[in-house]
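Peer 1: Hey, can you piece these two chains together into the complex? The hints should help.
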Amino acid sequence: MNGIHDMGGMHGLGEIGYRPNDVAFHAAWECRVHALVTALAAYGKWRALRPDIEAIPAAEYLRMSYYERWLAALTARIVKSGLASRAELEHGAADPKRGRSAPALTAETAGTVPLQTPRTELAAGAEPRFRVGQRVRGANLNPPTHTRMPRYTRGRVGVVERVRGVFALPDNEVYFRDPKPQHVYLVRFAARELWGAGAAARDSVYIDLWQDYLEPA
Amino acid sequence: MIEHPDSREHDHDHQAVPSDPALRVRALESLLVEKGLVDPAALDVLVDLYENKVGPRNGARVVARAWIDPEFKRRLLADGSAAIAELGFSGQQGEKLTVVENTESVHNLIVCTLCSCYPWPLLGLPPIWYKSSAYRARTVIDPRGVLRELGLDVGDDVEVRVWDSNAASRYLVLPEQPRGTETLDEAALAALVTRDAMIGVARIALPGGERS
Numbered sequence: 003m004n005g006i007h008d009m010g011g012m013h014g015l016g017e018i019g020y021r022p023n024d025v026a027f028h029a030a031w032e033c034r035v036h037a038l039v040t041a042l043a044a045y046g047k048w049r050a051l052r053p054d055i056e057a058i059p060a061a062e063y064l065r066m067s068y069y070e071r072w073l074a075a076l077t078a079r080i081v082k083s084g085l086a087s088r089a090e091l092e093h094g095a096a097d098p099k100r101g102r103s104a105p106a107l108t109a110e111t112a113g114t115v116p117l118q119t120p121r122t123e124l125a126a127g128a129e130p131r132f133r134v135g136q137r138v139r140g141a142n143l144n145p146p147t148h149t150r151m152p153r154y155t156r157g158r159v160g161v162v163e164r165v166r167g168v169f170a171l172p173d174n175e176v177y178f179r180d181p182k183p184q185h186v187y188l189v190r191f192a193a194r195e196l197w198g199a200g201a202a203a204r205d206s207v208y209i210d211l212w213q214d215y216l217e218p219a
Numbered sequence: 159m160i161e162h163p164d165s166r167e168h169d170h171d172h173q174a175v176p177s178d179p180a181l182r183v184r185a186l187e188s189l190l191v192e193k194g195l196v197d198p199a200a201l202d203v204l205v206d207l208y209e210n211k212v213g214p215r216n217g218a219r220v221v222a223r224a225w226i227d228p229e230f231k232r233r234l235l236a237d238g239s240a241a242i243a244e245l246g247f248s249g250q251q252g253e254k255l256t257v258v259e260n261t262e263s264v265h266n267l268i269v270c271t272l273c274s275c276y277p278w279p280l281l282g283l284p285p286i287w288y289k290s291s292a293y294r295a296r297t298v299i300d301p302r303g304v305l306r307e308l309g310l311d312v313g314d315d316v317e318v319r320v321w322d323s324n325a326a327s328r329y330l331v332l333p334e335q336p337r338g339t340e341t342l343d344e345a346a347l348a349a350l351v352t353r354d355a356m357i358g359v360a361r362i363a364l365p366g367g368e369r370s
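Residue numbers (the working numbering), protein chains in the order written: chain F, 3 to 219; chain S, 159 to 370.
Simulated from the structure, these hints should not be mistaken for lab results. Misleading hints may appear alongside valid ones.
[Claimed, not checked] Capping the alpha-carbon separation at 25 Å, the derived lysine to any residue pairs in SDA-like fashion look like this:
hint, chain 1, residue 1, chain 2, residue 2
1, F, K47, F, V168
2, S, K289, F, L51
3, S, K193, F, T77
4, S, K231, S, G213
5, S, K193, F, V39
6, F, K82, F, Y177
7, S, K289, S, D178
8, F, K99, S, E192
9, S, K231, F, R190
10, S, K289, F, M12
11, F, K182, F, G14
12, S, K289, F, K182
13, F, K182, F, L143
14, F, K82, F, I6
15, S, K193, S, D206
16, S, K193, F, R49
[What the hints assert, rightly or not] Chain S residues, not near chain F, derived (Cβ > 10 Å throughout):
hint, residue
17, R184
18, R219
19, E244
20, E259
21, R296
22, D311
23, Q335
24, R337
25, G338
26, L342
27, A345
28, A349
29, P365
[Claimed, not checked] A few chain S residues facing chain F, derived, Cβ under 7 Å:
hint, residue
30, L189
31, K193
32, A199
33, V203
34, F230
35, E253
36, C273
37, S290
38, A295
39, L305
40, L308
C-beta atoms are modelled at their ideal positions from N, C-alpha and C, and glycine is treated no differently.
Same shape as in the complex, but just chain S (with noise of 0.2 Å):
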């Protein structure tokens, strides 16, 4: 999940050398180890948990279990963390999971205002855009503004709906399946589904790449 460097756009990124933080979090984490607070080995294991065990694969493939099962759609959208259960996905910051389901009349988009808030077990961790202090003010306040921005036109007959979690509850948004994909197991439609779908910032590509 971490980017290679030339891809870095942000100025504050520009550094040949270890940033200052690089540098407190390096004493820091010494530190600790020396007073044996913390176990180098652990946070090797985190690290990798959320880099390469823990994303939005996981969400992908609820989504599309959602698609060709409307019994666990039902169990999905009544009780989030349940049905989730049932595929084997749980953790930190996955409780009270509120699944909210796209349709041709409703768009669902996520943000946290206070904060970041986020259904880890199922997305992995926010990407930076998420976190960033334009997200969080402008997205309750002209929720089609910035879904425009982002590349998503939503249209004035459907009802925007902005979930602000904030509190004792994850979201997670269940996005409309593209036309023209019903003959398609349920590997071939979790391949199809991004996390920005699952934020409600974008909608699922078709595999030609045309949008549904």
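So that you can see chain F by itself, here it is in the shape it has in the complex (with noise of 0.2 Å):
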């Protein structure tokens, strides 16, 4: 979706506040919605929590925190997956006739599970429609869904530098739709295409694209 989390090349939006040994969290409560984002993901209720913070409005996206957008997004996702009810969490007390679960993770599996590297790659089917080397551009899509090709590289030309191998289109897989697994590929595109005579000549950006996103240039 054209949205404010699509960022890459927009001018404005503050500081970075660089800090060399930066850390993670601002506060206590963030590391614990990360835990309880790792804890409820492993019912396999939602592919990703990206979509639900991708819908945030855009006012209200650039005033949260980081991990307050995790927070709307888990506590719309609890609420849309049936984990508890808007009523449950607006009263902060269970629903005793909704019955009572066994959590997903368990303190034994919690120390185990984040640390086994999903498997995301699938069986290659199909031939891939570039190859290394080849000019490819990128297409001119506007899903008002989520995505994962940023707007900077829409009709841009890019070298293709390495096929990655066969992935779910991320577009249809969060939302459980066709996965219509297919090629990834890693695309360079010269910093001059994408953003003019004032890019160094040099300078490149790399990116993964979807076969989806691509159309021989």
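Peer 2: And the structure:
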């Protein structure tokens, strides 16, 4: 979607706030949100929280801190997936009629599950449409839903550097639609192709793009 | 990894009472525990995991090994996930790990413009600035300006490669080994390697404080 989260190339978004030994969390509740997301993801009721984060209205998104966005997305996803009802969240008390669950992640599994690398690559099926060294153009796609194609690649010509293998198309997979397994390509875009003559001649941006995002150039 | 309150710099951190989200998270957790959906002991294990066990020391070990073992480095650059598994590293956000090598003529830099993709098994969870809107927005369009602002000047004769990691792969920068460290052992080399060098926004400082 053409949302505020698709920030690559924007100006005016404030300070980076870099500090050399910066931490991951502002506050203790943020670690707790991170842990809650991992613990609840183990139910397998959603593929990713990113679509819910991206659905936060732009003005809210910019006002919120990173983990406030996670909290908002997690809360929305808990209700949509039926893990808890809106009324339960509002009252902060379990509805006795809804019964009690067993935690998907226990103290035993919590120490091991996050250390297993997910197998995201799928078995190769069809031959890749593009080959290494081929020029490709970012397609003019404007889905109002989740995509991994940043808008700065649209209409721009790059060169295939590597064929990554076959992966589910996130645009569909996150909504449990046809995963459309397809090749992913590492594509190199010259900085000048993306940003014009003001960019350094020798610089470039590398990004993985799904086959559906590309057309021959 | 939680910073001490005294070191906080951002305005919204100066709060004597728990902030609103802190209260909401507590209420949410207690509801989920009451419903049997969450085991609070499991949350403690997860917090401990990412605060104390999974972090940049892992990545530093990988870098040091690559510096002393050319065969390991070759495998690391060819298939990052398989190579780090040799050292016992794996986990969520470690899939299809791609390691990119800094040299005299190439400087690599990692960003996630759409969100915050980051190689958790090697670096832990990303620092606050990595998730900032400005870093996500500017790094692809003005990498040299961002690096300069962060204290790293890259010469005009050096090619800058920005890796926008928002898809199938996670990325790690293999920094250049500082000159004069060839006689150090693996552990001493690992101690030199910083998280920010493995993101590509810093060089490795020599033990004496001099930058390579």
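Peer 1: All hints are to be evaluated individually against the structure, with a verdict given for each.
Peer 2: Okay, the hints, checked on the actual structure:
About 23 Å separates the Cα atoms of K47 of chain F and V168 of chain F, which keeps this hinted pair within 25 Å; it holds. For the suggested pair K289 of chain S and L51 of chain F, the alpha carbons sit about 16 Å apart, so the restraint of at most 25 Å is met. Of the pairs offered as hints, the one joining K193 of chain S and T77 of chain F holds, with about 15 Å between alpha carbons and a cut-off of 25 Å not exceeded. Distance hint between K231 of chain S and G213 of chain S is fulfilled; the C-alpha atoms sit about 21 Å from each other, no more than 25 Å.
About 16 Å separates the Cα atoms of K193 of chain S and V39 of chain F, which keeps this hinted pair within 25 Å; it holds. Between K82 of chain F and Y177 of chain F, the direct Cα distance comes to roughly 12 Å. Compliance with the 25 Å bound is thereby established for this hinted pair. Restraint check for K289 of chain S and D178 of chain S: the C-alpha separation of about 21 Å stays at or below 25 Å, so the hint holds. Simply put, K99 of chain F and E192 of chain S have alpha-carbon atoms about 13 Å apart, close enough for the 25 Å limit, and the pair holds.
A C-alpha spacing of about 23 Å is found between K231 of chain S and R190 of chain F, which places the hinted pair at or below 25 Å, so the restraint holds. Annotation: proposed proximity of K289 of chain S to M12 of chain F holds, straight-line Cα distance about 15 Å (limit 25 Å). At roughly 37 Å between alpha-carbon atoms, K182 of chain F and G14 of chain F are farther apart than 25 Å, so this suggested pair is violated. Our distance criterion of 25 Å between C-alpha atoms is broken by K289 of chain S and K182 of chain F, whose separation comes to about 30 Å.
Proximity of K182 of chain F to L143 of chain F is assessed by CA-CA distance (about 16 Å); at most 25 Å being required, the pair is judged to hold. Between K82 of chain F and I6 of chain F the alpha-carbon distance is near 23 Å, which keeps this suggested pair within the 25 Å criterion. Between the alpha carbons of K193 of chain S and D206 of chain S the distance comes to roughly 24 Å, so the proposed pair stays at or under 25 Å and holds. Of the supplied pair hints, the one linking K193 of chain S and R49 of chain F holds, its CA atoms being roughly 22 Å apart against a limit of 25 Å.
At roughly 7 Å from the closest C-beta of chain F, the C-beta of R184 of chain S falls inside 10 Å, breaking its exclusion from the interface. Every CB of chain F is more than 10 Å from the CB of R219 of chain S (nearest about 15 Å), matching its label as outside the interface. A cut-off of 10 Å between C-beta atoms confirms that E244 of chain S is not in contact with chain F; the least separation is 13 Å. For E259 of chain S, the condition that its CB be more than 10 Å from all CB atoms of chain F holds, with the nearest at approximately 13 Å.
Against chain F, the non-interface label of R296 of chain S is violated: not every CB pair exceeds 10 Å, the least being about 7 Å. The beta carbon of D311 of chain S is kept farther than 10 Å from every beta carbon of chain F, the shortest such distance being approximately 13 Å. Chain F leaves Q335 of chain S outside its interface by the beta-carbon criterion, the shortest separation being 20 Å against a cut-off of 10 Å. Distance check on R337 of chain S: its Cβ is at least 22 Å (rounded) from any Cβ of chain F, clearing the 10 Å threshold; non-interface status holds.
Remark: the non-interface label on G338 of chain S is consistent with the geometry, its nearest Cβ contact in chain F lying 22 Å away (cut-off 10 Å). Under the 10 Å C-beta cut-off, the non-interface status given to L342 of chain S relative to chain F holds; the minimum distance is some 22 Å. Here A345 of chain S stays apart from chain F, with its beta-carbon at least about 21 Å from theirs, past the 10 Å limit. Distance to chain F confirms A349 of chain S as a non-interface residue, since its nearest Cβ pair spans about 15 Å, more than 10 Å.
Residue-level check passed: P365 of chain S sits 17 Å from the nearest beta carbon of chain F, beyond 10 Å. Interface restraint check for L189 of chain S: the shortest CB-CB distance to chain F comes to about 6 Å, inside 7 Å, so the restraint holds. Residue-level restraint check for K193 of chain S holds (minimum Cβ-Cβ distance to chain F is 5 Å; threshold 7 Å). Using the Cβ-Cβ criterion of 7 Å, the hint placing A199 of chain S at the interface with chain F is satisfied: the shortest such distance is roughly 4 Å.
Contact between V203 of chain S and chain F, as hinted, is supported at the beta carbon level, the nearest pair being about 4 Å apart and thus within 7 Å. Taking 7 Å as the C-beta contact cut-off toward chain F, the hint placing F230 of chain S at the interface is violated, the least distance being around 19 Å. Nearest Cβ of chain F to the Cβ of E253 of chain S: about 5 Å, under the 7 Å cut. The hint holds. Proximity of C273 of chain S to chain F holds as hinted, the smallest CB-CB distance being about 6 Å (cut-off 7 Å).
Because the closest C-beta pair between S290 of chain S and chain F is about 5 Å apart, less than 7 Å, the hint holds. A least Cβ separation of about 4 Å between A295 of chain S and chain F falls short of the 7 Å threshold, and the interface hint therefore holds. Given hint, L305 of chain S at the interface with chain F, is violated; its Cβ is 10 Å from that chain's nearest Cβ, farther than 7 Å. The criterion of a C-beta within 7 Å of any C-beta in chain F is met by L308 of chain S, whose closest approach is roughly 5 Å, and the hint holds.
Comparing the model with each numbered hint stated earlier shows that hints 11, 12, 17, 21, 34, 39 do not hold.
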